[in-house]
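Read off the chains here:
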Amino acid sequence: METLWFMIVAVMVAAYVVLDGFDLGAGAIYLSAGKTTDERRKILRAIGPVWDGNEVWLLAAGGTLYFAFPLLYASSFSGFYLPLMMVLWLLMLRGIGIELRAHMENPVWVGFFDLIFCVSSALLAIFFGAALGNVVRGVPLGADGYFFEPLWTNFRVGADTGILDWYTVLTGVVALVTLTAHGSLYIAVKTDGDLNRRTRNIAMWAWPLQLILTIVALIATCYVQPSVLDNYKQHAIGYLIPVLVFGSLGTMIYAIRKQKDKLAFVASALYIVGMLVGAAFALYPVVLPASTDPAHRSLTIYNTAAGRHGLTVGLTWWAFGMILALGYFTLLYRMFRGKVRLEGEGY
Amino acid sequence: MDSALLVHRIHFAFTVTFHYLFPQLTMGLAPLIVVLKTLALRRNDETYNQAARFWVRIFGINFVLGVVTGIPMEFQFGTNWSHFSRFAGGVIGQTLAMEGMFAFFLESAFLGLFLYGEKRLSARAHWWSAVAVFLGSWLSGFFIIATDAWMQHPVGYANTADGSVQLSSFWELVLNPWAWWQYAHNMSGAVITGAFVMASVGAFYLLWGKFQKHARIFVRVGVIAGLIFSVLQLFPTGDGQGRMIAENQPVTLAAMEALFVTQPGAPLVILGQPNLDERKIDNPIEVPEALSFLTYRAWKANVQGLDAFPQNLWPDNVALLYYSYHIMVGLGTIFIAIMLVAAFLLWRGKLFSARWMLWILVLALPFPYIANTAGWITAELGRQPWLVYGLMRTAAGYSKLVSAGNGMFTLLGFMGMYMVLGILFLFLVRREIEQGPEAEVSTGH
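Going down the list, the protein sequences come from chains A and B. The first sequence: position 22 = 228 (my numbering), numbered continuously. The second sequence: position 102 = 286 (my numbering), numbered continuously.
Hints may be right or wrong, so weigh each one.
What the hints assert, rightly or not - Here are the computed lysine to aspartate or glutamate pairs in the EDC-like style, where the Cα-Cα straight-line distance is at most 20 Å:
{"id": "1", "chain 1": "B", "residue 1": "Lys394", "chain 2": "B", "residue 2": "Glu622"}
{"id": "2", "chain 1": "B", "residue 1": "Lys464", "chain 2": "B", "residue 2": "Asp423"}
{"id": "3", "chain 1": "A", "residue 1": "Lys545", "chain 2": "B", "residue 2": "Glu302"}
{"id": "4", "chain 1": "B", "residue 1": "Lys397", "chain 2": "B", "residue 2": "Asp500"}
{"id": "5", "chain 1": "B", "residue 1": "Lys584", "chain 2": "A", "residue 2": "Glu355"}
{"id": "6", "chain 1": "B", "residue 1": "Lys584", "chain 2": "A", "residue 2": "Asp400"}
{"id": "7", "chain 1": "B", "residue 1": "Lys394", "chain 2": "B", "residue 2": "Glu258"}
{"id": "8", "chain 1": "B", "residue 1": "Lys303", "chain 2": "B", "residue 2": "Asp229"}
{"id": "9", "chain 1": "A", "residue 1": "Lys241", "chain 2": "A", "residue 2": "Asp400"}
What the hints contain is simulated information worked out from the structure, not anything from laboratory work.
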């Protein structure tokens with residue numbers, strides 16, 4: 207039962223990263239890809255009807271995590287207090303940037319909100335990457351299952367870590383590059399003409415960087431948290447995950463060169479899923495490793511899960527809710543399918 | 185009081201109070217927009233569609249503000265109240281996760297269709313998307329109320345060996361009688377806000393002499409809904425909620441009424457200042473025996489005063505609790521009076537030219553917000569000193585490793601951020617109102 211919920215939460219987090227990932231990425235490339243006002247409006251229209259719904263996946267994934275593993279939620283949210291508060295502020299700024307820009311006529315104000323949107327999107331990508339890095343690297347958990355991390359200490363991994371060290375900065379950069387490519391490909395799918403060409407070029411330029419960073423991050427992860435290899439050694443099926451990751455990367459560059467934007471976007475989504483599943487597979491059944499006393503203090507799905515009855519009841523309504531949600535999102539994306547046009551209704 | 189505890193309490197209180205300014209309008213407007221859309225379909229009149237579109241624009245701005253200020257609420261359960269989450273997550277995780285799965289997805293997906301899909305959808309499909317947004321926002325309200333109601337009146341749980349509580353009965357949690365009274369009372373309060381805002385904007389246009397056709401619709405819908413729900417707010421919902429408190433939290437009732445001494449035939453204090461040092465009400469204006477009657481339906485019934493309970497079970501701020509409760513009830517009474525007079529004038533066909541009444545409607549706008557806020561302060565202060573009534577003290581629930589300094593830093597951060605949000609919100613709403621319902625699609629990029 208705990209394992210099932212672990213998979214459910216992992217899938218929801220992956221869905222969030224794939225979905226909100228493309229609008230964060232679209233934000234990060236916003237200023238460099240959109241050269242004219244019309245192009246910028248096109249980018250905003252491409253994500254306009256869906257970004258809010260995508261962000262809801264964060265809330266739904268968070269709510270499900272809270273429901274299934276309350277102690278994990280309590281421990282990690284209070285331990286990552288400061289960066290999470292900054293994430294909240296960035297999410298607010300970004301929401302303001304997107305929604306208020308439309309209500310401004312003065313070009314300076316438009317530029318101001320453009321900048322806010324772009325910078326907050328990029329920073330959020332880095333923060334989320336660093337957060338994942340923190341989870342993989344482990345945190346200084348106390349005997350009671352709580353911890354508090356300062357923003358940074360000496361930038362070294364070890365017992366006395368901060369939120370930022372060389373490893374989590376690296377994962378933050380990986381996330382930024384990955385989502386930049388992901389967002390570029392989404393915009394390429396949704397647009398035509400110059401904007402389509404330009405965003406595809408961004409993805410092409412990002413690709414070698416993405417490949418190198420993927421390899422570096424994998425090596426660094428094995429160095430920082432050697433236990434990640436244990437599950438792979440025991441269950442050879444896990445090696446399919448790196449195959450998926452590199453296969454998706456290969457497909458991406460193939461599809462970009464052939465101008466098959468949809469295929470490239472799907473490959474990028476699969477790459478993200480592969481990276482996240484790989485991390486989840488490596489950690490399982492640990493959900494937050496302790497850097498202090500890994501064997502005894504690490505939080506696992508077993509010592510953080512909610513009661514058995516609650517988890518069983520939850521399966522019923524979760525399945526029901528998920529079917530409904532998939533229905534809504536299929537409907538929503540179908541309604542707004544195709545390339546965006548500036549004429550006609552809002553967005 | 186422990187300063188970290190105080191900071192965490194104010195942190196949550198401030199962010200949730202600011203947050204609830206927005207959902208109360210979206211939840212209140214949603215059914216009224218459905219009414220406008222229905223009238224548009226039935227009467228095949230474009231004016232109603234324009235009216236609906238205007239309120240959808242206001243709704244959209246509020247919705248965005250509600251979402252961005254709502255995310256911190258979910259986060260704070262973990263960041264600032266981690267010991268509470270560890271203790272109660274096994275129960276309230278149910279309702280909080282269900283809110284995400286059932287309400288947020290529904291609401292956000294269909295709001296996208298609703299706001300940007302009018303030209304792609306048929307009139308009937310667009311009507312359905314309005315209904316879906318209405319359902320989503322009201323479901324969301326229910327799950328949050330069910331969570332709060334469990335903290336007020338815990339049911340359906342079992343104690344476990346590690347000291348936490350876990351769900352034992354899903355249906356007891358969802359069918360908690362406290363939740364249903366509180367939900368009815370709260371949603372009715374939200375519709376009052378929606379109705380007053382709609383009537384107020386309509387009255388503003390009538391006084392201004394612009395958009396007359398739409399303004400009459402706004403005032404008519406606002407006044408009728410306002411009257412119905414102002415009455416429902418008092419009876420049966422307010423009354424039912426009050427009896428829940430009398431049954432399950434008698435010490436809270438005593439503190440709300442500032443009834444210091446247990447007595448048969450207890451009076452209802454209309455005005456007066458609670459004096460905690462001397463344990464009496466200064467300068468009281470009372471209705472004799474009314475409290476006994478309202479609580480137990482018997483004029484001579486015995487009502488427990490604060491003296492019947494040890495002081496460490498008293499809500500920790502009796503005066504603030506008393507004042508918020510009285511402000512809420514006082515304003516609620518005034519709302520009924522305003523809407524009665526307005527509805528009478530409407531019935532006589534004189535409302536649209538009665539400038540004095542239109543001015544009252546315009547000026548009434550902030551007061552439902554104040555009443556709803558005061559109501560929530562009453563509910564949450566009344567539960568003190570408990571975080572989960574009878575099970576966990578508030579002092580035991582906050583994150584022990586998040587220092588007062590860090591809490592203060594982020595509290596100040598939120599204050600600054602919310603000030604900017606508030607200014608932008610007012611600026612945007614003012615623009616929408618100035619442009620009026622005839623403006624074509626001013627939203628969108």
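Legend entry - Which numbered hints fail: 2, 4, 6 and 7
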